Amino acid sequence: MTSPNPCSGAQVQEAAEAVARHSYGKLVAFLAARSGNVAAAEDALSEAFAAALEDWPVNGCPANPEAWLLTVARRKLIDSARRRKYEAPAEEFDLTAEPVPETAADSEIPDRRLGLMFACAHPAIDVNIRAPLMLQAVLGLDAARIGSAFLMSPAAIGQRLVRAKTKIRQAGIPLRIPEREELPARLETVLDAIYAAFSEGWLDAAGTDAARRDLAEEAIYLCRLVARLLPGEPEALGLLALMLYAEARRKARRSPEGAYIALAEQDTSLWDGERIAEAEAALVSASGHGILGRYQLEAAIQSAHLARRRGRVNNWAAVVQLYDALLALTGSPVAGINRAVALAEMEGAAAGLAALNAVAGDPRVLDYQPYWAARADLLARTGSHAEARSAYEIAIGLERDPSVRELLARRAQQLG
Amino acid sequence: MQYLFLLYSDESAWNKMSPEQQQQGIAAYRAYTQALQAAGVYVGSNRLRPTETATTVRTANGKLQVLDGPFIESKEELGGYFLIDVPDLDAALSWAGKCPGAAHGVIEVRSIWPTMAPADQQNVAAQEALAAK
Numbered sequence: 108m109t110s111p112n113p114c115s116g117a118q119v120q121e122a123a124e125a126v127a128r129h130s131y132g133k134l135v136a137f138l139a140a141r142s143g144n145v146a147a148a149e150d151a152l153s154e155a156f157a158a159a160l161e162d163w164p165v166n167g168c169p170a171n172p173e174a175w176l177l178t179v180a181r182r183k184l185i186d187s188a189r190r191r192k193y194e195a196p197a198e199e200f201d202l203t204a205e206p207v208p209e210t211a212a213d214s215e216i217p218d219r220r221l222g223l224m225f226a227c228a229h230p231a232i233d234v235n236i237r238a239p240l241m242l243q244a245v246l247g248l249d250a251a252r253i254g255s256a257f258l259m260s261p262a263a264i265g266q267r268l269v270r271a272k273t274k275i276r277q278a279g280i281p282l283r284i285p286e287r288e289e290l291p292a293r294l295e296t297v298l299d300a301i302y303a304a305f306s307e308g309w310l311d312a313a314g315t316d317a318a319r320r321d322l323a324e325e326a327i328y329l330c331r332l333v334a335r336l337l338p339g340e341p342e343a344l345g346l347l348a349l350m351l352y353a354e355a356r357r358k359a360r361r362s363p364e365g366a367y368i369a370l371a372e373q374d375t376s377l378w379d380g381e382r383i384a385e386a387e388a389a390l391v392s393a394s395g396h397g398i399l400g401r402y403q404l405e406a407a408i409q410s411a412h413l414a415r416r417r418g419r420v421n422n423w424a425a426v427v428q429l430y431d432a433l434l435a436l437t438g439s440p441v442a443g444i445n446r447a448v449a450l451a452e453m454e455g456a457a458a459g460l461a462a463l464n465a466v467a468g469d470p471r472v473l474d475y476q477p478y479w480a481a482r483a484d485l486l487a488r489t490g491s492h493a494e495a496r497s498a499y500e501i502a503i504g505l506e507r508d509p510s511v512r513e514l515l516a517r518r519a520q521q522l523g
Numbered sequence: 373m374q375y376l377f378l379l380y381s382d383e384s385a386w387n388k389m390s391p392e393q394q395q396q397g398i399a400a401y402r403a404y405t406q407a408l409q410a411a412g413v414y415v416g417s418n419r420l421r422p423t424e425t426a427t428t429v430r431t432a433n434g435k436l437q438v439l440d441g442p443f444i445e446s447k448e449e450l451g452g453y454f455l456i457d458v459p460d461l462d463a464a465l466s467w468a469g470k471c472p473g474a475a476h477g478v479i480e481v482r483s484i485w486p487t488m489a490p491a492d493q494q495n496v497a498a499q500e501a502l503a504a505k
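Top to bottom, those sequences are chains A and B. Take 108 as the starting number for the first sequence in my numbering and just add one per residue. Take 373 as the starting number for the second sequence in my numbering and just add one per residue.
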């Protein structure tokens, strides 16, 4: 297990960080697979990392650091199980008495991360904690970082994470990939949680908040993982494409002064060609399965918006058609709003406004900023300036990003 | 792992049903129970008499307080339970979804918190005594 050369502190730190980055979730998933005790697996693993930082500088970096950590973590898990046998109430018995799996200590550790992700995004887990839970259990993000991304105090989010992990263990939520017939519905909750994590990162368009910016990268990482481990599921590829398209435009979304720039006014030379190419490839690969889904449609809409980059005008008819399909599939008022905006580009503001009025009956849109912003824009274009101004005001009142508020205020002022 | 299904439904609906409908309801529960037994997951089940027969008991300052009526008055009352033994929550939820009670009411699924049998408690006490030495 030890190599003859003791390694320097910097090397140890580097080796430990590399394993943490690549193997954290794999080790947690493997350690918790049978007991369902995610918290205990995390604790044991963090003790193992601490042990590594003491041991490796003396005895050298092990040839297989992942296996070294697993062996130590497993020992810690057994120790703490023994301790708890005397301290804990009876409910711990059936879990701690269970043997820790003995396989694969020195060979390849089976990748059970997907099972862990399905547990984190289980329908029995509160929908709002699924994304934070996945970020913590699979990627090892701490409560402080997750809290800052989700605008919650570390203490509050920490408490909710503990509660969710307790539920996984005590309610017996399995850490495994669901059966074939349940898979589509269950995969949806996993992808939704990943997208929720991404959206938190996306909201910080200025990229000033590092915790939130990185969250977009973490979400893309998680989605790549799902797409790789479930190659037969086109929606995973669809979501990956959607996030890559969005991420490709990050630099173009703000002026150097930090002002918000709408999609139509963005400098297309600032879009990231590499990410766009990867997104296109993922979308093509997804469509090869012949099963349409929400994320593939949304990615296809993003792809249609790229026309301007290729020096062409947007094909609004195609965009409207894609929104039609999305609306039919999800019934989401958000799709209805975007469809109305695209329709306005194709048939004029009056047609767009008529389509938007059809969505207005849904009570969910009334506190949704993009509805009021779209309404204001279309009213302004049809010459109803007074109505447009009051719609802008409502939109400004609903927006939490100051630079978007500024843009809306500027548009309202231009009405005179 | 054992799970308790608590079946809540509007018990007044039962009296509004025709005798044929009541027979159908009973047959549906009988079939469900047989399916649980055939799968080897059935532990026990019972139907409860209506809440008008309920009596609530507590002691306050060592004094017994007895009240007529259920603990919680609500539109949907606890009307019965199933206790099953399955590997995990997914299996439990799948069985709960097949229960006739899910169609005419709601089912709360709770995992059983195992408590020690008296013999085990003596064992632990003996082990602790040994460990202390």
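If you are wondering where the hints come from, they were derived from the structure by calculation, not from laboratory data. None of the values given here were measured: they were computed from a predicted structure. By construction, the Cβ of each residue, glycine as well, lies at the ideal position given by its N, Cα and C atoms. It is possible that some hints are incorrect.
Quick list of simulated restraints, FRET-style, between CB atoms [stated by the list, open to error]: (1) Q520(A) / G469(B): 17 to 27 angstroms; (2) V478(B) / A461(A): 34 to 44 angstroms; (3) E500(A) / V478(B): 41 to 51 angstroms.
Some chain B residues flagged as far from chain A (calculated, every beta-carbon gap over 10 angstroms) [unchecked claim]: (4) M373; (5) Y375; (6) S390; (7) E449.
Facing chain B, from chain A, some residues (calculated, C-beta under 10 angstroms) [unchecked claim]: (8) A140; (9) G143; (10) A146; (11) H229; (12) P230; (13) I275; (14) Q277; (15) I280; (16) P281; (17) R283; (18) E289; (19) P291; (20) E295.
Structure versus earlier hints, numbers of those that do not hold, lowest first: 1, 4, 5, 8, 10, 19 and 20
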